[in-house]
Amino acid sequence: MTTGNFLAAADWYAQLPSVFTAAGAFITAPDGRVLLVKPNYRDYWGLPGGICEHAEPPHLACAREVREELGLDLAIGALLVIDWVAPDGDRPDPIIYLLFDGGVLGDPAGIRLQHEELDGYEFVDPAEVAGYLPPFAAPRVPAALAARASGSAIYLPAPA
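Heads up: the sequence shown begins at 897 in this note's numbering, then just goes up one per residue.
Hint data in this document are derived by calculation from the structure and do not stem from the laboratory.
Heads up, the beta-carbon is just placed ideally off N, CA and C, and yes, glycines get one too.
Hints may contain errors.
[What the hints assert, rightly or not] In silico EDC-like cross-links for lysine to aspartate or glutamate, where the CA-CA straight-line distance does not exceed 16 Å:
1) 934 to 964
2) 934 to 1018
3) 934 to 1013
4) 934 to 1015
5) 934 to 1012
[Unchecked claim] Estimated spans, in silico, between C-beta atoms of each pair:
6) 1005 to 905: 48 to 54 Å
7) 1003 to 915: 34 to 40 Å
8) 1016 to 907: 43 to 49 Å
9) 1009 to 907: 41 to 47 Å
10) 905 to 925: 46 to 52 Å
11) 985 to 1011: 24 to 30 Å
12) 987 to 926: 33 to 39 Å
13) 911 to 1011: 40 to 46 Å
14) 905 to 1004: 44 to 50 Å
15) 1048 to 1018: 27 to 33 Å
16) 1018 to 1046: 22 to 28 Å
17) 964 to 1047: 27 to 33 Å
18) 1038 to 901: 46 to 52 Å
Work the whole structure out from these sequences, hints included.
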């Protein structure tokens, strides 16, 4: 139903394009190595994090995912990277990926892996992350390092 020349709110919202929102944590060791996790449902590694639940603020989704995946209750810091990822394969919608500063983890002994989702974790030298992460995700690490150093978030649109 329309009101005047406009669609009713429900009709207007129903026709808008959809997008997924995901949140990740950029966590490093004191020596600068980056924490990566190995999901058991993918062939490649990733940064800790996941899809935001309906109406869940991304920074809270990031904290929840870190708690669920790693058993860590971290203070999630500043937004470092905003990345737009084009639809791909079976995923029909784009993803807006937000990478937050998860800080420096001095003692990894507190990590408790969620074995239902993860096979392992590793701290990786930033120069070597391209060998672990898929091509669409690898640029997030140098961008996060630059954003952490400058104090300004970086936008990384992935080509379609």
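(request) State the violated hints by number, sorted upward, taking the hints as numbered earlier in the document. (result) Hint check: nothing fails, all pass.
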